[in-house]
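Order-wise, the sequence lines are chains A and B. Everything in the first sequence is counted per the numbering used here, starting at 1 for the first residue and increasing by one. Everything in the second sequence is counted per the numbering used here, starting at 1 for the first residue and increasing by one.
By construction, these hints were calculated from the structure, which means they are not laboratory data. Among these hints, one or two may not hold up.
[Stated by the list, open to error] Under the rule of at most 30 Å between Cα atoms (straight-line distance), these lysine-lysine pairs were calculated in the DSS-like manner:
1) A:57 x B:73
2) B:3 x A:57
3) A:57 x A:102
4) B:3 x A:102
5) A:57 x B:16
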Amino acid sequence: DAEITQSPRHKITETGRQVTLACHQTWNHNNMFWYRQDLGHGLRLIHYSYGVQDTNKGEVSDGYSVSRSNTEDLPLTLESAASSQTSVYFCASSESQGVNEKLFFGSGTQLSVL
Amino acid sequence: AQKITQTQPGMFVQEKEAVTLDCTYDTSDQSYGLFWYKQPSSGEMIFLIYQGSYDEQNATEGRYSLNFQKARKSANLVISASQLGDSAMYFCAMRGSSGSARQLTFGSGTQLTVLP
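Starting from the given sequences, assemble the full structure and let the hints guide the process.
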């Protein structure tokens, strides 16, 4: 069965370190997204990609970057981790950009920045 | 910019009773989609139901129905005959059809607890 996997599931790091969260999907979807979930804010969009070599900033992109070198993967990099980036991170994908297109989510990565 | 508002941070319901989770939205797009996701304590995001802005009938999926009132810009989720397994966080979300509104925007969520 097709799926979307995130790794690691849990990560503890120190402020100032570079951290990369992995996202891999086997749906062959062109569209991939990164969200962060914080209490009281729901899920907020960090970055997204509509295809290989395409990346776009979302609502809360400061301090994050992504790259898309193939269809399956969209790694999220925190260039210099800050305590404010402690959060749960979700990767998602969708087949198209239609208004009816639902997102398929990974299981999430709990990141703690100490 | 589009916005989703969920005004109920927490809700309680007795097992086997129905419950309504509120969701209002704001958008300038004429074509848009509304979604509800469930997040149990295990953390995964589970798609529940979808309603299109041009759909004349309210969407239903088993015990879930979406009470869509376009003029009031509301898209409430109704869960009938609540079960203990319905205890979870519920998110309302929408996707518009133009510019940045094409990305899925989420509300802040409602934590539902089903009491035995």
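task: Verify the proposed pairing of residue 3 of chain B with residue 102 of chain A, using a straight-line Cα cut of 30 Å.
output: 18 Å, holds
query: Regarding the pair residue 3 of chain B and residue 57 of chain A, is the alpha-carbon distance no greater than 30 Å?
result: 18 Å, holds
query: Holds or violated: are the alpha carbons of residue 57 of chain A and residue 102 of chain A at most 30 Å from each other?
result: Judged against 30 Å, a Cα distance of about 20 Å means the pair holds.
query: Are the Cα positions of residue 57 of chain A and residue 16 of chain B separated by 30 Å at most?
result: It is violated: about 44 Å lies between the C-alpha atoms, which goes past 30 Å.
message: Can you confirm whether the C-alpha distance between residue 57 of chain A and residue 73 of chain B stays at or below 30 Å?
response: 28 Å, holds
This entry does not satisfy hint 5, going by the numbered hints stated previously; all others are met.
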